[in-house]
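**Student:** Sequences and hints are given; from them, build the entire structure.
Just so it is clear: in the sequence shown, position 186 is 186 by the UniProt record's numbering, and no numbers are missing.
The hints are simulated quantities; they were obtained by calculation from the structure and are not laboratory data. Since the structure is predicted, the reported quantities are computational estimates derived from the model, not experimental observations. Some hints here could point you the wrong way.
[As the list claims (entries may be wrong)] 20 Å max Cα-Cα, derived DMTMM-like pairs, lysine to aspartate or glutamate:
#1 K82 - D24
#2 K32 - E12
#3 K149 - E97
#4 K73 - E12
#5 K96 - E146
#6 K63 - E47
#7 K96 - E12
#8 K104 - E146
#9 K82 - E56
#10 K63 - D24
#11 K133 - D87
#12 K4 - D131
#13 K149 - E108
#14 K32 - E146
#15 K96 - D39
#16 K70 - D24
#17 K143 - D39
#18 K4 - E80
#19 K5 - D87
#20 K133 - E97
#21 K149 - D100
#22 K83 - D55
#23 K83 - D24
#24 K32 - D100
#25 K126 - E108
#26 K73 - D39
#27 K73 - E29
#28 K5 - E80
[Unchecked claim] Derived CB-CB ranges, DEER-like:
#29 L154 - V42: 33 to 41 Å
#30 V42 - Q157: 29 to 37 Å
#31 L69 - N110: 42 to 50 Å
#32 L192 - V42: 36 to 44 Å
#33 S75 - S37: 24 to 32 Å
#34 L69 - K169: 36 to 44 Å
#35 S37 - K169: 24 to 32 Å
#36 K126 - K169: 42 to 50 Å
#37 V127 - V30: 22 to 30 Å
#38 S128 - L192: 41 to 49 Å
#39 N176 - K82: 32 to 40 Å
#40 N110 - K70: 44 to 52 Å
Even for Gly, the Cβ is constructed at its ideal location relative to N, Cα and C.
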Amino acid sequence: MPIKKLILATNENDILTRFVNYGDYSRREVVKTISPSMDIQVASNFERYLYYFYDENPLQTRKCMEEFLKTGKLSFSPQEIKKIQQDFISYSISQKEARDTIRKIYQENNYIVCPHTACGISASLKVSERDNKICLATAHPAKFPEAIKSCGLLPPQLPPLSSLKDKEKHFYILENNPITIKKFIIQQVTSLS
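**Tutor:** Have a look at this one:
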(Lines of atoms letter the chains of each structure in order from A and count residues from 1; the text may use other names and numbers.)
(Lines give C-alpha, C1' and ligand atoms only; values in the text may rest on other atoms or scores of the structure.)
Protein backbone atom coordinates (compact mmCIF):
# COMPACT_ATOMS: atom_id res chain seq x y z
CA MET A 1 0.00 0.00 0.00
CA PRO A 2 1.55 3.32 -0.98
CA ILE A 3 1.96 5.84 1.82
CA LYS A 4 2.05 9.50 0.86
CA LYS A 5 3.04 10.86 4.28
CA LEU A 6 3.01 9.79 7.91
CA ILE A 7 1.04 12.02 10.26
CA LEU A 8 2.92 12.30 13.53
CA ALA A 9 0.85 13.37 16.55
CA THR A 10 2.21 14.60 19.85
CA ASN A 11 0.52 15.97 22.92
CA GLU A 12 1.85 19.06 24.71
CA ASN A 13 5.18 17.21 24.98
CA ASP A 14 5.92 18.21 21.42
CA ILE A 15 9.60 17.47 20.79
CA LEU A 16 8.80 15.49 17.65
CA THR A 17 6.38 18.10 16.30
CA ARG A 18 9.03 20.79 16.81
CA PHE A 19 11.55 18.51 15.10
CA VAL A 20 9.36 17.94 12.03
CA ASN A 21 8.06 21.49 11.72
CA TYR A 22 11.11 23.55 12.72
CA GLY A 23 14.15 21.24 12.96
CA ASP A 24 14.22 21.82 16.74
CA TYR A 25 14.90 18.66 18.73
CA SER A 26 15.41 20.13 22.19
CA ARG A 27 14.61 18.72 25.59
CA ARG A 28 12.04 20.58 27.72
CA GLU A 29 10.18 19.86 30.94
CA VAL A 30 7.70 17.00 30.64
CA VAL A 31 4.06 18.07 30.96
CA LYS A 32 1.72 15.54 32.60
CA THR A 33 -1.26 14.89 30.29
CA ILE A 34 -4.16 12.47 29.82
CA SER A 35 -2.00 10.57 27.29
CA PRO A 36 0.86 9.44 29.56
CA SER A 37 2.72 7.27 27.05
CA MET A 38 3.28 10.43 25.01
CA ASP A 39 4.58 12.37 28.02
CA ILE A 40 8.18 12.26 26.84
CA GLN A 41 10.91 14.66 25.85
CA VAL A 42 13.19 12.12 24.19
CA ALA A 43 11.77 9.76 21.57
CA SER A 44 12.94 6.20 22.23
CA ASN A 45 13.58 5.39 18.57
CA PHE A 46 14.91 8.75 17.39
CA GLU A 47 18.47 7.44 17.05
CA ARG A 48 17.22 4.77 14.65
CA TYR A 49 15.41 7.43 12.61
CA LEU A 50 18.61 9.50 12.40
CA TYR A 51 20.55 6.46 11.22
CA TYR A 52 18.25 6.08 8.21
CA PHE A 53 17.88 9.84 7.75
CA TYR A 54 21.67 10.05 7.36
CA ASP A 55 21.73 7.18 4.84
CA GLU A 56 22.78 4.55 7.39
CA ASN A 57 25.82 6.53 8.46
CA PRO A 58 26.67 5.42 12.02
CA LEU A 59 29.31 8.13 12.50
CA GLN A 60 26.90 10.97 11.71
CA THR A 61 24.24 9.32 13.90
CA ARG A 62 26.67 8.98 16.81
CA LYS A 63 27.82 12.59 16.39
CA CYS A 64 24.21 13.82 16.63
CA MET A 65 23.35 11.65 19.63
CA GLU A 66 26.52 12.68 21.48
CA GLU A 67 25.68 16.33 20.80
CA PHE A 68 22.14 15.78 22.12
CA LEU A 69 23.42 14.04 25.27
CA LYS A 70 25.86 16.89 25.88
CA THR A 71 23.59 19.88 25.13
CA GLY A 72 20.01 18.55 25.26
CA LYS A 73 19.29 19.87 21.79
CA LEU A 74 19.82 19.37 18.09
CA SER A 75 19.12 21.80 15.27
CA PHE A 76 18.58 20.88 11.66
CA SER A 77 19.20 22.95 8.54
CA PRO A 78 16.41 24.17 6.23
CA GLN A 79 17.45 21.50 3.70
CA GLU A 80 17.25 18.79 6.36
CA ILE A 81 13.84 20.05 7.53
CA LYS A 82 12.59 19.87 3.93
CA LYS A 83 13.82 16.26 3.72
CA ILE A 84 12.09 15.40 7.03
CA GLN A 85 8.86 16.97 5.79
CA GLN A 86 8.88 14.81 2.66
CA ASP A 87 7.84 11.92 4.92
CA PHE A 88 6.10 13.54 7.90
CA ILE A 89 3.40 16.03 8.82
CA SER A 90 3.16 16.73 12.54
CA TYR A 91 0.71 18.36 14.93
CA SER A 92 0.77 18.91 18.67
CA ILE A 93 -2.63 18.13 20.20
CA SER A 94 -3.79 19.81 23.40
CA GLN A 95 -5.58 17.90 26.14
CA LYS A 96 -8.75 19.83 25.27
CA GLU A 97 -8.47 18.73 21.62
CA ALA A 98 -7.89 15.11 22.70
CA ARG A 99 -10.94 15.18 25.01
CA ASP A 100 -13.07 16.80 22.30
CA THR A 101 -12.00 14.06 19.88
CA ILE A 102 -12.81 11.29 22.36
CA ARG A 103 -16.31 12.77 22.77
CA LYS A 104 -16.76 13.32 19.01
CA ILE A 105 -15.76 9.76 18.12
CA TYR A 106 -18.09 8.44 20.80
CA GLN A 107 -21.01 10.62 19.66
CA GLU A 108 -20.54 9.75 15.99
CA ASN A 109 -19.57 6.07 16.31
CA ASN A 110 -20.60 4.92 19.80
CA TYR A 111 -16.96 3.95 20.28
CA ILE A 112 -14.51 5.19 22.91
CA VAL A 113 -10.89 5.69 21.90
CA CYS A 114 -7.94 5.99 24.28
CA PRO A 115 -6.38 9.45 24.74
CA HIS A 116 -3.31 8.51 22.65
CA THR A 117 -5.51 7.40 19.75
CA ALA A 118 -7.50 10.62 20.15
CA CYS A 119 -4.29 12.60 19.58
CA GLY A 120 -3.66 10.66 16.37
CA ILE A 121 -7.21 11.12 15.11
CA SER A 122 -7.19 14.81 15.99
CA ALA A 123 -3.92 15.31 14.10
CA SER A 124 -5.24 13.43 11.06
CA LEU A 125 -8.34 15.65 11.00
CA LYS A 126 -6.07 18.71 10.73
CA VAL A 127 -4.61 17.43 7.46
CA SER A 128 -6.66 18.97 4.67
CA GLU A 129 -5.68 16.50 1.97
CA ARG A 130 -8.52 14.33 0.77
CA ASP A 131 -6.40 11.19 0.62
CA ASN A 132 -7.52 8.20 2.65
CA LYS A 133 -6.09 8.14 6.15
CA ILE A 134 -5.57 5.26 8.55
CA CYS A 135 -5.26 5.91 12.26
CA LEU A 136 -3.91 3.10 14.41
CA ALA A 137 -5.45 2.72 17.86
CA THR A 138 -2.71 2.30 20.41
CA ALA A 139 -4.36 1.05 23.59
CA HIS A 140 -7.66 -0.02 25.09
CA PRO A 141 -9.49 2.99 26.59
CA ALA A 142 -10.19 1.03 29.79
CA LYS A 143 -6.52 1.55 30.69
CA PHE A 144 -7.25 5.29 31.09
CA PRO A 145 -10.44 5.51 33.18
CA GLU A 146 -9.70 8.98 34.57
CA ALA A 147 -9.10 10.41 31.11
CA ILE A 148 -12.33 8.89 29.82
CA LYS A 149 -14.27 10.14 32.86
CA SER A 150 -12.84 13.63 32.27
CA CYS A 151 -14.65 13.54 28.91
CA GLY A 152 -17.95 12.91 30.65
CA LEU A 153 -18.03 9.28 29.54
CA LEU A 154 -18.13 5.98 31.38
CA PRO A 155 -14.88 4.10 30.81
CA PRO A 156 -15.36 0.70 29.19
CA GLN A 157 -14.24 -2.42 31.00
CA LEU A 158 -11.37 -4.58 29.82
CA PRO A 159 -12.55 -7.91 28.47
CA PRO A 160 -12.17 -10.59 31.14
CA LEU A 161 -8.87 -12.40 30.74
CA SER A 162 -8.91 -14.50 33.88
CA SER A 163 -10.57 -17.40 32.03
CA LEU A 164 -7.42 -17.72 29.90
CA LYS A 165 -5.23 -18.65 32.88
CA ASP A 166 -6.45 -22.25 32.98
CA LYS A 167 -6.40 -22.84 29.23
CA GLU A 168 -3.90 -25.19 27.65
CA LYS A 169 -0.82 -23.39 26.36
CA HIS A 170 0.46 -23.92 22.82
CA PHE A 171 3.96 -23.19 21.57
CA TYR A 172 5.22 -23.50 18.00
CA ILE A 173 8.69 -23.06 16.56
CA LEU A 174 8.58 -21.82 12.98
CA GLU A 175 11.17 -21.14 10.34
CA ASN A 176 12.00 -17.42 10.03
CA ASN A 177 10.25 -17.14 6.69
CA PRO A 178 7.21 -15.00 5.83
CA ILE A 179 5.64 -17.65 3.58
CA THR A 180 5.94 -20.32 6.28
CA ILE A 181 4.46 -17.99 8.89
CA LYS A 182 1.60 -16.96 6.59
CA LYS A 183 0.75 -20.61 5.85
CA PHE A 184 0.81 -21.42 9.57
CA ILE A 185 -1.54 -18.55 10.43
CA ILE A 186 -3.97 -19.52 7.66
CA GLN A 187 -3.86 -23.13 8.88
CA GLN A 188 -4.59 -22.09 12.46
CA VAL A 189 -7.45 -19.77 11.51
CA THR A 190 -8.97 -22.36 9.17
CA SER A 191 -8.87 -25.01 11.90
CA LEU A 192 -10.94 -22.74 14.17
CA SER A 193 -13.89 -22.66 11.77
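**Student:** Determine for every hint whether it applies to the structure shown.
**Tutor:** How the hints compare with the structure:
1. K82 - D24: holds (13 Å)
2. K32 - E12: Holds. K32 to E12 sits at ~9 Å (cutoff 20 Å).
3. K149 - E97: Within the cut-off at roughly 15 Å; holds.
4. K73 - E12: Roughly 18 Å separates the two Cα atoms, so the pair holds.
5. K96 - E146: holds (14 Å)
6. K63 - E47: holds (11 Å)
7. K96 - E12: holds (11 Å)
8. K104 - E146: Answer holds: K104 to E146 is near 18 Å, not above 20 Å.
9. K82 - E56: holds (19 Å)
10. K63 - D24: holds (16 Å)
11. K133 - D87: Given that 20 Å is the threshold and the Cα spacing comes to 14 Å, the pair holds.
12. K4 - D131: holds (9 Å)
13. K149 - E108: holds (18 Å)
14. K32 - E146: The hint holds at about 13 Å.
15. K96 - D39: holds (16 Å)
16. K70 - D24: With Cα atoms ~16 Å apart, K70 and D24 stay inside 20 Å; holds.
17. K143 - D39: holds (16 Å)
18. K4 - E80: Holds, at roughly 19 Å.
19. K5 - D87: Roughly 5 Å separates the two Cα atoms, so the pair holds.
20. K133 - E97: Roughly 19 Å between the alpha carbons, so the hint for K133 and E97 holds.
21. K149 - D100: holds (13 Å)
22. K83 - D55: holds (12 Å)
23. K83 - D24: holds (14 Å)
24. K32 - D100: Holds: K32 and D100 sit about 18 Å apart, inside 20 Å.
25. K126 - E108: Answer holds: K126 to E108 is near 18 Å, not above 20 Å.
26. K73 - D39: Between K73 and D39 the Cα gap is close to 18 Å, so the pair holds against 20 Å.
27. K73 - E29: Holds, because 13 Å separates the two Cα atoms, which is no more than 20 Å.
28. K5 - E80: holds (16 Å)
29. L154 - V42: 33 to 41 Å: Taking Cβ atoms as reference, L154 and V42 lie about 35 Å apart, which means the hint holds.
30. V42 - Q157: 29 to 37 Å: Taking Cβ atoms as reference, V42 and Q157 lie about 34 Å apart, which means the hint holds.
31. L69 - N110: 42 to 50 Å: holds (47 Å)
32. L192 - V42: 36 to 44 Å: At 43 Å between Cβs, range holds.
33. S75 - S37: 24 to 32 Å: Given range 24 to 32 Å: holds, Cβ gap about 27 Å.
34. L69 - K169: 36 to 44 Å: Taking Cβ atoms as reference, L69 and K169 lie about 43 Å apart, which means the hint holds.
35. S37 - K169: 24 to 32 Å: About 29 Å separates the Cβ atoms of S37 and K169, which means 24 to 32 Å holds.
36. K126 - K169: 42 to 50 Å: holds (45 Å)
37. V127 - V30: 22 to 30 Å: Check passed, 27 Å falls within 22 to 30 Å.
38. S128 - L192: 41 to 49 Å: Since S128 and L192 have Cβ atoms about 43 Å apart, the given range 41 to 49 Å holds.
39. N176 - K82: 32 to 40 Å: Taking Cβ atoms as reference, N176 and K82 lie about 38 Å apart, which means the hint holds.
40. N110 - K70: 44 to 52 Å: holds (51 Å)
Figure legend: structure checked against the earlier numbered hints; every hint is met.
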